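Those protein sequences? They're chains X and H, same order as listed. Once you know that position 86 of the first sequence is 86 in the working numbering, the rest is easy, because the numbers rise by one and skip nothing. Once you know that position 235 of the second sequence is 512 in the working numbering, the rest is easy, because the numbers rise by one and skip nothing.
These aren't lab readings, by the way, just hints derived from the structure by calculation. Just so we're clear, the structure is a prediction, and the values are computed from it rather than from any experiment. Heads up, a few of these hints could be off.
Each computed DSS-like pair below joins lysine-lysine, with the alpha-carbon atoms no more than 27 Å apart [as the list claims (entries may be wrong)]:
(1) Lys3/X with Lys340/H
(2) Lys488/H with Lys6/X
(3) Lys49/X with Lys428/H
(4) Lys167/X with Lys49/X
(5) Lys546/H with Lys48/X
(6) Lys546/H with Lys340/H
(7) Lys5/X with Lys428/H
(8) Lys167/X with Lys180/X
Covered by chain X, per the in silico footprint, the following chain H stretches (three or more residues, Cβ under 8 Å) [as the list claims (entries may be wrong)]:
(9) 350-356
(10) 361-372
(11) 380-392
(12) 458-464
(13) 514-527
C-beta: ideal position from N, C-alpha, C; glycine also.
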Amino acid sequence: MSKAKKAGLLLLAVLIALMILLPLVWMISTAFKNDFEALSGRMNFLPKKPTVDNFVQGLNGELMNTPVLRWIVNSLTVGLIGTAIVLLIDSMAAFALARLPDLPLRRILLPMFIASLMIPGVLTFLPMYMEFNSLGLINTYPALILPATAGAFGVFLLYQFFISFPKEIEEAARMDGVNKWTLYSRILMPSAVSIMATLGIFTFMGIYNDFVWPLYATTSPEMRTITAGIAMMATGSYTQSYGKLMAMTTIAALPVVIIFILGQKSFVKAITSAGVK
Amino acid sequence: MEELFLKSTLNSRLTSFLFILPYLAAFGLFLLFPIIYGVVISLQDFELLSADHPFVGLQNYIKIFTPGTYENSVFFGGLWTTIQFVIYSVPMLILVGLGLAMLVNALPARVRSWFRTFYFLPYALSASVMAVIWLMMFDTNAGFLNSLLMKLGIASIPWLTGTPWVWIALVMTTLWWTIGFNMIIFVNALNEVPEDFYEAASIDGANAWGKFVSITLPSIRPVMLFVMITSTIASFNIYAQPFLLTRGGPGNTTRVLLMNVLDQAFIRKDVGSASAMAILMALLIMVISVIQFRLTNRKEKV
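Looking at chain X on its own, in the form it has when it is part of the complex:
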């Protein structure tokens, strides 16, 4: 490729990157503007009179009668607990499916789990709502956490990893009379740290970013997650308070953007192993 052509491609790539990043830059810039300036239609990226009022008001609960801080705590709590459960139960299940040939029903369970990956969320949404409603669990943390634990993606991902684990190491361990739990926790899990991190990042982002289920599964302001809360604000009385809305979206975006940038390699691995074999 000629030098000029290379430079042209690089220029194009930079332009596209600027276009893609522009809404995010504008979001951050607007978050520091007062309502008047945010609605003025002026295109200044640096606010004339920068203010942190939007953040302060939001975090103190002067918007929506709810401390947004509570929403963030809810989101982080639900995301972390959900991820911990998924990592534990998925790795145990994958270990059993891949390394314990005497597992009863193995021939039925594995294809059933894989087939379940094709089931669209719309099929379970309403009955799941009615289920949690009859259990009296609507508007509680379990309602926000438990539905995320049923997905078979993690089991499938870890199964693929465990099935390729060298048999020799396992056999040596078995010779030493190691029991199944030790085999799982001491021998297989330590080797699975990287794939577990991948699944962890993927799961946390999935739970943290979901907003439709939390929107319906919570009824009181203090139980909302940050993503559902933002949707409520945007459809409610804050339609045009862009400064306040953008302060909230900036806060909501921060954890996932950080995790995404730090764990990008892992995340990409999860996506590609999920789709194309």
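Using the hints provided, position chain H relative to the given structure of chain X.
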């Protein structure tokens, strides 16, 4: 070592089962049970706030397929809107995804990962965050895009209130949000095309376009199909963009099927008929997945 497993006692099999039990319980309670319960609900006159849910057989389904009923107009109206969005968005999702992947791959290796991160970044955001950012970008009076157009001396555009602009707005936000996913899949596929193929073509005197058509496209065909299907399914499930940006408007122009299903359950409080609609929608999506499986498996055998 194999005989160790053959000799497995009842006790050993029970221990093995204990490992899978926690996940199996979650799977049963929050996936298998809801699916069955959903079918049951769809056969009932199930009002959201009522405790009595009489069995009505296929009545909810019959209503959906009876022209002139409210359920019929909501289901097929929403379905048509959704299909329109699929038709507008999927070709863009494939073309732009492949284009970005080829661009990124043509960049010097040193900067490649930077651009991949930039293009992929919006994918990390929640649908609600994404939609609210664009609510501001598209605002008719104060929005960034119309302010920019004003500066250039162009009349402002009713991005979220006029056709065809609403469709352009929905496709634009969807591209911005999800294109990184398709790009990554394509980047991996492109990297797996053997370098010698291109060298051989160069010796034969093929130009860039010739190489693209005769080598790149055939080599990434299975991946192309995969992206086509996942994009179609994702677009079929569209909800956040019309829910938060256009509210289904103008009129009912962008009222997609998922919005109608949820409104039928939570606003009209007719969970029975909403469940029937959800099941029909899920069946449609699964038919698309099955077709994908058939097509990709056939490809692999060839």
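Hint check:
1. A threshold of 27 Å between alpha carbons decides the hint, and for lysine 3/X with lysine 340/H the separation of about 66 Å lies outside it, so the pair is violated.
2. Proposed proximity of lysine 488/H and lysine 6/X is supported: the alpha carbons are some 18 Å apart, at most 27 Å.
3. With a CA separation close to 22 Å, the supplied pair lysine 49/X and lysine 428/H stays within the 27 Å bound.
4. Between lysine 167/X and lysine 49/X, the direct Cα distance comes to roughly 65 Å. Violation of the 27 Å bound is thereby established for this hinted pair.
5. Between lysine 546/H and lysine 48/X, the direct Cα distance comes to roughly 48 Å. Violation of the 27 Å bound is thereby established for this hinted pair.
6. In summary, the hint linking lysine 546/H to lysine 340/H is supported, as the alpha carbons are separated by about 16 Å, within the 27 Å threshold.
7. For the proposed pair lysine 5/X and lysine 428/H, the alpha carbon gap of about 32 Å is over 27 Å, so the pair is violated.
8. This hinted pair checks out: lysine 167/X and lysine 180/X have alpha carbons roughly 14 Å apart, not beyond 27 Å.
9. With 0 residues having a Cβ less than 8 Å from any Cβ of chain X, the stretch 350-356 of chain H misses the three-residue criterion, and the hint is violated.
10. Counting residues of the stretch 361-372 of chain H whose CB lies closer than 8 Å to any CB of chain X gives 0, so the stated coverage by that chain is violated, three being the minimum.
11. Counting residues of the stretch 380-392 of chain H whose CB falls under 8 Å from any CB of chain X gives 7; the rule of at least 3 is met.
12. Against chain X, the stretch 458-464 of chain H contributes 3 residues with a C-beta closer than 8 Å to a partner C-beta. That satisfies the three-residue criterion, and the hint holds.
13. Judged by the Cβ-Cβ criterion of 8 Å, the stretch 514-527 of chain H is covered by chain X as claimed, because 6 of its residues qualify and three suffice.
The structure fails to meet hints 1, 4, 5, 7, 9 and 10 from the earlier list, while all remaining hints are met.
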